[in-house]
Structures are given as structure tokens and as C-alpha cells.
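Q: Residues per chain are reported as follows:
There are 2 protein chains.
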Amino acid sequence: MKILHTADWHIGKKLHGYDLLSDQAYILDQIKKIAQEEAVDAIVIAGDLYDRSVPSEDSVRLLNQTIAEWNLTEQFPLLAISGNHDSATRLATGAPWFNQANFHLHTRLQEGLLPIEIGNTQFYLLPYFEPVDARIYFEDSSIRTIQEAMPKVMQEIVKSFDPSKKQILVSHFFVAGSSKTDSETKIEVGGLDGINGQLLSDFDYVALGHLHGKNALKMPNARYSGSPLKYSLSEKDQTKGVWILDTETLAFSFRELSPLHEIKELQADFATLLDPAFYSTINREDYLSILLEDRAVIPNLMNQLRQVYPRIIQVERANGFENESQTRLKVKNIKEKSPIELTKDFFTEVSQNDLTTQQKFWIEEGLHTELKKGGEE
Amino acid sequence: MKILHTADWHIGKKLHGYDLLSDQAYILDQIKKIAQEEAVDAIVIAGDLYDRSVPSEDSVRLLNQTIAEWNLTEQFPLLAISGNHDSATRLATGAPWFNQANFHLHTRLQEGLLPIEIGNTQFYLLPYFEPVDARIYFEDSSIRTIQEAMPKVMQEIVKSFDPSKKQILVSHFFVAGSSKTDSETKIEVGGLDGINGQLLSDFDYVALGHLHGKNALKMPNARYSGSPLKYSLSEKDQTKGVWILDTETLAFSFRELSPLHEIKELQADFATLLDPAFYSTINREDYLSILLEDRAVIPNLMNQLRQVYPRIIQVERANGFENESQTRLKVKNIKEKSPIELTKDFFTEVSQNDLTTQQKFWIEEGLHTELKKGGEE
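Chains as they are written, first to last, in the numbering used here: chain X, 12 to 388; chain Y, 12 to 388.
It is worth saying that the hints were derived from the structure and are not from the lab.
Watch out, some of these pointers could steer you wrong.
[What the hints assert, rightly or not] One-sided excerpt, in silico: chain Y residues whose CB lies under 8 angstroms from chain X:
| hint | residue |
| --- | --- |
| 1 | Leu83 |
| 2 | Thr104 |
| 3 | Trp108 |
All C-beta atoms in this analysis are idealised placements derived from N, C-alpha and C, irrespective of residue type, glycine included.
Please work from the sequences and hints to get the whole structure.
A: So, in C-alpha cells, the structure goes:
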């Protein structure tokens, strides 16, 4: 059988204040068309259907319409799980009725431990869960991380393995060794929310959600589908799409998606940007990050630019400002640095002194405590 | 066939800060047991399933569990509509799948215009709607009120009437002539949100939601079920329950519900209230409105009372305070007066003068404009 693997729709997400609902409706329609063209036997959605635990009414309407059309009108079996952005409780609304229509939506850890069998394949739909869920379910107070929970989860799952069938895991977490982008909203410290890829070796295929790049993980049997749209500037060079998997041969191929609006970077000086000869050659409707080459202060800059470019997500100065004495921290560098390095840089820039050994110790200790907290949110 | 008619669950409602979820779970379970005892063929829920358009996760969990148990486990057909407290869009989640299991949940005006047929009965499930919904659906910009929309709605509905069957309307609005309580949160001015009962005469039975008293309307063929719990002090003397209707004979009877905690008024002086000989004779777990007979200021009053009575919803002075010179407006009277009368009373109390004719005119004009706005919320 043939399955389509997608994830991380983040319905309701805004990009630098711009509502993406129409972009999302457009891309979901494109995914449906790919499913039709490929005549897939099931569609896997590996979590983060919504961007927030309490989505807007418009977001609810878009998801409800999309899944009703895919499942009830087009009759695609759907295999979905909740991600860390979804409220499991809210997303579960209606789920007990969906099964009848071959729409399996799992939102609780225990639901992921038994397979949904379609054709030659056993699907384990393991939703995003918190360590506390595993502590309660397995009655084991020693479980503090997802990594610690996973051996217990796997021990349960393999019990129902049918050797005559293929096994596919659908899940939503950070697999160690993956590379992240800006829009996943978690700071990774000490493997708190991540798991070791070794734990997934029993499956023929692991359909992952969470990370937004399709190449985030290099493992022979596991793939992130990535998000169907670019959800941050850091994703601008990623190719977005869905995986098509043949569960017999385990061959997979990537089908690209074309968004309604691209995310693009544009570098030029102000006069050029406002020159029709320049802007008539590019797609002004795209989400644009503008690198302005001028160093002068330009009054009413954003309003003037927005007359021509309606979707500006940021404007940065390529060459800094005139009369600028300090060396500013470059935004690009900031994104590559750890929180501890950033704190050191900030201290040095502000105080014009290096940190003492004692100060370094304090910062490391404090940040470690704070980031650990953040990692479990 | 036999139907059970309930409405106005308001799941997630708080009573003077007290969370009612356990009271609601308790009373919903009692309704289920009545449905089992009476062996009803369908359960009608006439709107306001939730108390708020964005209910809490705990509220979502309670509603989801309740309807799954009633419909999927107990196999009761369910006929439900959204009320003015529900978000139609959010409540509709899952609805396209429910039909298969004989759970019909209507949240849009147009869904109410065609019948759901069960046995000898045509059910028209007309959800709460706003005048703007009718303006758009009927393409008639002259519709400004529900009353103005209803003839058009009825014109559509009667087209599908099957004379060999009974017709039941399930709806959620204020029918003129009904009496209101404090917990319905709408101020009625000029029939803006209400409709004339005459418009409902074509139905064999009208199962209404919106008002919380079962006796709020005196019409031979229409009934409010009332809320299953007392949701304000003004409802303390109401009998709560559900209607059981025989659709052949059109006979109906009321089945009373017993809440986990009652709402009660208690009048005594402070010493008596704290005397075990007194409080051992009453149910201290009830939601209590206390009329305190003392006139002295009592330090730390609420904390002392709450040691004995854990669910105090208000404390009033039966005889006012000592040294009190002014005659205060009694809360009881306030509830019976119109906004215009209240404004006049307030002016008189504060200024010690009566209003001039001009002043009266201004107040009436101003309040009329304001209340009209409020009535459409």
C-alpha cells in the first residue's frame, strides 16, 4: 500500500504578524491533490495540526473542513496524532466517532501502544506526550524524560508486532541528531525532550513530526515530513513537501509543494527597492525579509516599503547605520549561538570587560536551571 | 416514540467563583439514568451545552465523555443544537461524523430547515442564530431581528412537513411572554432577541432552550426544559429536571433531578451560624446565600463562616449595618426594577432631588440606545 506522510500544519500560525490561513488552505488543498494523483491508501499526519492549544475559530473551521473533505468526501483513511502544539483534549473532540470512517486520531500515550491495522501494515500512532503521562501510565515515578519513557513504550508496542506485516510508527518528537529551525519553539538542553534514534530501529518506517525540515534527520528508516509551509525565515531555503511511501518496498519519494506566497530575502538600497524597473521583475506578494543597503536613517521607512511590498516580515541594515560606533551583534550570528555564549557576548559588549571565572560559573549555573525548566514546557 | 428534552447545561459555568464541573458531571449522569429508566428513543439537547464560546479543557473533556457515553456506549440517538453561549464553529467539530451514529448536531441556521426523521417524527434542529445569519442566508437585508427572520425560517420549514408524521422543533431563543432569571445574561428590550409564540403554533411540540426555568413559558405545545442545575440564586426555588415526551400522544411529564449540592438561603445571626447545634441540622455542603441578622461589623467574617460553610455564594445583612443612616437600595428590589427605574432611583438617592421632565427624557433616550445595542450581543 501507499501512504502520504505530512505533519506540522500549524493551522492558525502567524508569520511576523501575517495571518497564514489562506496560505494554509491553499497548501492543504495541494496535499489533497497529491494524495489523489498518487492514489494513496492512507494519509498520515504526524502532529501539530494546530499552532496553538486554543486555536481561533477560523483555524478550527479550516481544520474541520479539511479533514471532513479528505476523510468523508474523498474517503482517504486518515492516521493522525496530536503534537506538542495541539491541546490533546481539544483535538480529541469527535475522535470516538471518527474510527468508523477510518479516521484514527490518537491523542493519548496509551492509544499509541496498540496498532491500527490497514492492509499489510500495523500503524502505531503515538502522540506527543509529556514525561508525567508516562510516569502515570507506567506507574513509574523514575521516568523524567521522554528518552526514559521510550524503552517502556517500545516494550509495550513490540508485544503486538505481527511478523507477517510491516510496522510503521507515527510520532512527534525530537530525535537526537536532528537539526532544528527557528519555528519549533523549543530549546534543546541535555536531551530533555529528545530521544535516541536507536530506539526506533524496530520499525520499517517512522513517520515523524516536530521538526520543520524534511532533511532534519539522517536515518534509513525514519523521516520528518517537515511542515508544508515555511514557518520562519530560517526555513527559507528548505524544500517543502510530503513523503510518499510504498509500504511493500519501503521506497519513499518526496513530492514538492508550491506555496501561495514564498519567503524570500531581498537585498538592495532604498531607491532601487522603490524603482518599478526593479520591483516589476520580482514577486512583490511574497513574504520578504529585506536587507537594506543604505546606512542613512530613512523617515517613514516601513510605510513606504509596504506601499510596494505588502508582506514584509523584517527589514535589516546590510551595512549598519551611518555614524554607528559600536560593533553590533549580527542577527545571523545570534541564531547560531547558545544562550550561554549570547549572555557572555552581551556582557562583553555592554561592560567592555571579559567575564571572570566566577561570573562565567554563575551564568552557566543560572542558565542551566532556567533552560531545563523551559525544555519541559 | 419517547424523547427526553434537556437544555442549558452550561458546562464550565462557575457559580460565584465555585467550579461546578463535578456538580455538572453528577447531574448529567442522573439524566442518563433517567433516559435509561424511561427507555427513551432519543435525547434532545436544546442548546448552551457549554457556558462559554471557548470552554476550558476540563469542560471539553466532560462534554466529550458525556456525549460519547450516551451516544456510542448507551446507543441513544442525540438531537442537539448550539445555543447563544456556544461557539457554533467550535461545537461543530466532529459533527459530520456523528450522523452515522444517529447523533445530529446542528450549529448553522440552514441545517435547521430540513428535518431529521426518526420513527413517526420530524425533528427540526434550529440552532441559535444571529439576525446577520438570516440576512445572509435569505439574502434579505431588511432582517434586523430574530422575530423578523422567523417567518422566513418557518416558510422554509413547513415545505418539508409530512402530514403523516409529528413535527418537533428544537430551538434556542426567548419566546415573548416567558419569564427570565439572572443567569441567562441577556437584557430583553423591545423584543430584539425574542420571538412571538404564535410563530411556533405549527409544531406538535417545541423543545426550547435558553431560559432556565421549566415554567418560563405558558404555551400548550412548547416547553423550556430549563437548566439541569440552579445557575443563580434567583433560580433557588425552581424545580430542575427534564421533560419526557411521548410523540404519539404528545403527553409530557417532568422528571426531577437532585443536585450534588443545593442552592439555599440561610438567615441567622453570626453566633447561631457558628453554633454546632444549629449547623449540624443543615447541609453545610450546599451553595449558601447567607442573610446575616447582626448589624455589627464582624472582623474576618468570611473566613470564619467558610470554616463551617465551604460554599458561600454571598453574605448580606438582613437588617443593614449599625449606625447606618442612609436607606440603601435593597438588592432584591434592584433585581425587579428596569434599568430606567434604577437610574431614576440612583439619581434620587444621590442628589436627594427628583428628576425633571427633561432629565427623565434624556435618561430614557440614552438607555434605550444603549440597551438596544446590548440586546444584540
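Q: Now tell me, hint by hint, if it's right for this structure.
A: Quick rundown of the hints versus the structure:
1. Leu83: Holds - the Cβ of Leu83(Y) comes within 8 angstroms of chain X, reaching about 6 angstroms at its closest.
2. Thr104: holds (5 angstroms)
3. Trp108: holds (4 angstroms)
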